[in-house]
Amino acid sequence: MSPATHFLTGWILANSVSLDRRDRALVTLASVIPDVDGLGIIADVLTRHSQHPLDWFSTFHHSLHTLLFALIVTAGSFLLASQRWTAAGMAFLSCHIHLLEDLLGSRGPEGYQWPIPYLMPFSHAGDLSWSGQWTLNAWPNFAITVALLLVTFYLAWSRGFSPLEMVSAKADAAFVAALRKRIPVS
Numbered sequence: 008m009s010p011a012t013h014f015l016t017g018w019i020l021a022n023s024v025s026l027d028r029r030d031r032a033l034v035t036l037a038s039v040i041p042d043v044d045g046l047g048i049i050a051d052v053l054t055r056h057s058q059h060p061l062d063w064f065s066t067f068h069h070s071l072h073t074l075l076f077a078l079i080v081t082a083g084s085f086l087l088a089s090q091r092w093t094a095a096g097m098a099f100l101s102c103h104i105h106l107l108e109d110l111l112g113s114r115g116p117e118g119y120q121w122p123i124p125y126l127m128p129f130s131h132a133g134d135l136s137w138s139g140q141w142t143l144n145a146w147p148n149f150a151i152t153v154a155l156l157l158v159t160f161y162l163a164w165s166r167g168f169s170p171l172e173m174v175s176a177k178a179d180a181a182f183v184a185a186l187r188k189r190i191p192v193s
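Residues in the sequence shown are numbered consecutively from 8, following the numbering used here.
Hints are computed from structural coordinates only; laboratory data are not their basis. Mixed in with the good hints, there may be bad ones.
To be verified - Quick list of simulated restraints, FRET-style, between CB atoms:
no., residue 1, residue 2, range
1, HIS59, GLN90, 44 to 54 angstroms
2, LYS188, PHE129, 17 to 27 angstroms
3, ALA184, PRO116, 34 to 44 angstroms
4, SER25, GLY83, 33 to 43 angstroms
5, SER23, GLY45, 43 to 53 angstroms
Idealized CB from N, CA, C, for every residue including glycine.
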């Protein structure tokens with residue numbers, strides 16, 4: 008699924024329990040961070056017409072979609088969080104929801120199914136794939152993203168903060184004010 012879908016999933020998950028702003032950000036980040044291995048696409052694009060083009064995206068994408076990486080993210084969240092156990096547990100869950108979303112809907116347009124190398128670097132025995140995996144641009148991914156956006160808008164309207172809180176308190180307040188102006192709080 009798209010990074011936006013993962014981001015919204017993580018933010019909504021972070022709001023399913025009582026966490027402060029920083030801990031919500033950690034849980035949200037945990038839902039997106041497994042895709043940092045996809046940044047290899049930048050090097051691929053920059054070198055595609057060179058004598059030695061790189062193939063980092065195809066080689067490394069999904070290489071961080073592992074139990075080991077989820078445990079590292081969980082440990083980092085534990086160390087940085089205010090509510091350590093809750094935030095770490097939610098970060099672990101957030102990473103795994105990312106993996107589930109990719110397992111469901113990340114097939115390439117050419118039909119390639121991105122397997123999840125869950126037990127790597129120790130074993131390929133735990134590689135996960137699903138024959139029904141839909142393409143990245145399939146309607147279920149769009150429907151899930153729209154549903155997540157609606158839930159995000161509702162949470163922002165009802166709680167008084169949105170995902171923008173991670174970037175700017177001023178932008179967050181303006182966004183929530185705009186939502187509440189259009190749909191008054193009862």
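| said: A range of 44 to 54 angstroms was offered for this pair. Does it hold for the Cβ distance of HIS59 and GLN90? | reply: Holds, at about 48 angstroms.
| task | Take the C-beta atom of LYS188 and the C-beta atom of PHE129, compute their distance, and say whether it sits inside 17 to 27 angstroms. | result | Roughly 53 angstroms apart at Cβ, these two residues miss the hinted range, so it is violated.
| message | Please check whether SER25 and GLY83 have a Cβ separation lying inside 33 to 43 angstroms. | response | Violated, since SER25 and GLY83 (Cβ atoms, about 21 angstroms apart) do not stay within the stated range.
| Okay, ALA184 versus PRO116 on CB: inside 34 to 44 angstroms? | The hinted range 34 to 44 angstroms holds for ALA184 and PRO116, with Cβ atoms some 41 angstroms apart.
| field | Range hint 43 to 53 angstroms (beta carbons of SER23 and GLY45) holds or violated | value | violated, 26 angstroms
Of the hints listed earlier, those the structure fails to meet are numbers 2, 4 and 5, in rising order.
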